[in-house]
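Protein chains: 2
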Amino acid sequence: MRVDDLYSQRTKYFRTSEIRELLELSQRPDVISFAGGLPSPHAFPVEEIKEIVERVLSNDYATALQYGPTPGLKIFRETITEYVKNFGINADIDDVFITVGSQQALDIVGRVFIDAGDVIFVSLPTYLGAINAFYAYGANMVGVPLDEEGMRVDILEEKIKELKKKGEKLKLIYTVPTFQNPAGVELSEERRKHLLEIAAEHDLLIVEDEPYSMLRFEGEPIPSIKSMDKEGRVIYMGTFSKIMSPGFRLAYVVAEKSVARKMVVAKQSMDLCAPTFTQVIAKYYVENGYLTRRVEKIIEMYRKKRDIMLDAMDEYFPQECKWTKPRGGMFLWVELPEHINTVEMVQDAVKEKVAYVHGRAFHVDGGGTNAMRLNFTNPDDDVIEEGIKRLAKVIKTRM
Amino acid sequence: MRVDDLYSQRTKYFRTSEIRELLELSQRPDVISFAGGLPSPHAFPVEEIKEIVERVLSNDYATALQYGPTPGLKIFRETITEYVKNFGINADIDDVFITVGSQQALDIVGRVFIDAGDVIFVSLPTYLGAINAFYAYGANMVGVPLDEEGMRVDILEEKIKELKKKGEKLKLIYTVPTFQNPAGVELSEERRKHLLEIAAEHDLLIVEDEPYSMLRFEGEPIPSIKSMDKEGRVIYMGTFSKIMSPGFRLAYVVAEKSVARKMVVAKQSMDLCAPTFTQVIAKYYVENGYLTRRVEKIIEMYRKKRDIMLDAMDEYFPQECKWTKPRGGMFLWVELPEHINTVEMVQDAVKEKVAYVHGRAFHVDGGGTNAMRLNFTNPDDDVIEEGIKRLAKVIKTRM
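Protein chains in written order, with my numbering: chain A, 133 to 531; chain B, 133 to 531.
Looking at chain A on its own, in the form it has when it is part of the complex:
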């Protein structure tokens, strides 16, 4: 049958993740992979979940196994309104809804706000999943460089003015302020304030995506942008994927009531509700203090991995390379000399049985071709040094 005639116009915006094949290659057992974006399996709260599930299936099964309301179970949304106080956010229960991972929250943002051609500002580099989500709606993503203090908000302001003059329809600014994926940097407090001012001046939304803010190895927390937001301009996203289990598919959005309601209406026709079973488990995980204790362990585990990686890079990487030294999160970012093409170098790396993601995957402007993202949380401690050694060899050979 001629199915091609039946596809919708919007399928032209679909793109498979550019790193999909790479991730498959990197899963070969002899490859040391810094390519994925996965938590360590040793970070999962297995015993805690066992204990909670036993109780949930004895006492709460009629809720935990049944359909739930589209915004999420009330008892879990209440937990979230309490929990986000950790980030200085005062939310009403009607500001909060539950999604199937933050990726769904990004998709709903696209659905509710983006028409083809609308301008979305992202940093260079930015999170790959956001690129794919917004691109699926035909967004015109405009990149703004970042440095050690996050997005260059001054350059953002220039770009906004320039594009406004051209009559473009500007919609929102997307940011991962804390331990950004892929660069590992933090948006400074000053820039957060400035970002909010700019958004107010030009009447734009801010999407604040915060998967890593609990994974701080050192330094003082910086207030979330949402905590400074007096106008309901910030759509805040958090997730349980990095502090509990990505397999639970639980994230949440905090947004101004009317925006949250519109997003929930969209979600209703998309999947009715997030898994109630995992919502009930997550509720107890937070409320019984398991989360706090688990996060301490995860931080310790990941700080060590980061240190092993940074030490090995200091020892083995050529001095022409530069890299970020993240104070938390899961990733660091490496820049090689300009003439080294990391897209092409992937093949050499896989031959040497080591994997990374090339920087172009995180760029909306074709840039990043001499950069790479390294994940330090998933590989076991005892292979990180060897992996860096292999990668250093690959780079030196190219140079």
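No lab work stands behind these hints: they were computed from the structure. Cβ coordinates follow ideal geometry from the N, Cα and C atoms, glycine included. Be aware that one or more of the hints could be misleading.
Short derived list, chain A residues pointing at chain B, Cβ under 10 Å [claimed, not checked]:
id: 1; residue: ALA194
id: 2; residue: TYR199
id: 3; residue: VAL412
Let chain A serve as the given structure and place chain B on it in line with the hints.
For chain B alone, kept in the frame of chain A given last:
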């Protein structure tokens, strides 16, 4: 802030489920509700899940708690390819992918196939969730009446020809062939064959949505449309919501490889993957024979509920009413005399502490205003008769 200026054009297609408020009303503890579409909580395999979770968290936690591939875990898709043989379907693993409930599968169909104005054929009445999913993409839904043998395929054929002549873009036919929601009827084998012939002649897709096919109380199974499909024209959907737990949010699609691949690309930017935790549990639930034994119990439980409801209707309903006598599933459909408006009558019913869903909610043409859907699976056995008695009183008062 003036957020209204920032919403996308497509939000004009969003509609809240017309029965949302009604469902909230019907949840008051003193109301006997035939309105929801919920399984009985007594149908949930609580002990089986307990046992499986214990094992999964001991042996498979590294998979069950981690991110999974977008099409679903390979081990679970293998289970599905075996399982769908029950419906005469020979699927390759690349034809199968896992979704967050069938609602997500419907949403992906909309995303991949529907441009605003495209014609989708549905029956009158049809499943409300499909109306909402397709409407969100601006579909032009054309209704085809049904009778005791399901959709009037002869009328469908006329409508196709008529709309083709007008130059409309026709895309697909949506059907719930077995124990249809809301009418409870089965599409006869002859009509299934005819439907496939018509789809082939006019080069349309068929979306075969089968949530209830395992819940057969009597009669011989009719082959699925997908089992007769030699051309890859049928997108088949099944779910674990009615035979395990809706709170697990697990459904699956079987479609021709290239179509499945396109739908998976769409899904990737929507939520990355379905819950891996529940996928692994469901895999063991199927493979260890728990599902087969549980389904036997559910059938027994639901058959009894249906019988109680039908007996009570025979006794209490005015003879001017007609209703379907489903051989399985979860719903039956009542038609009242034409002058009785069931939309208005909802208020009377809630006053009498009984709830139903009015027929208009399941119509794309404003029809169904003298009809209602009754769910017999969720209320406890001992309240069904009383609920029907109350409803009969409401109807008689209106008449």
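Tell me the numbers of any earlier hints that the structure contravenes, in ascending order. none
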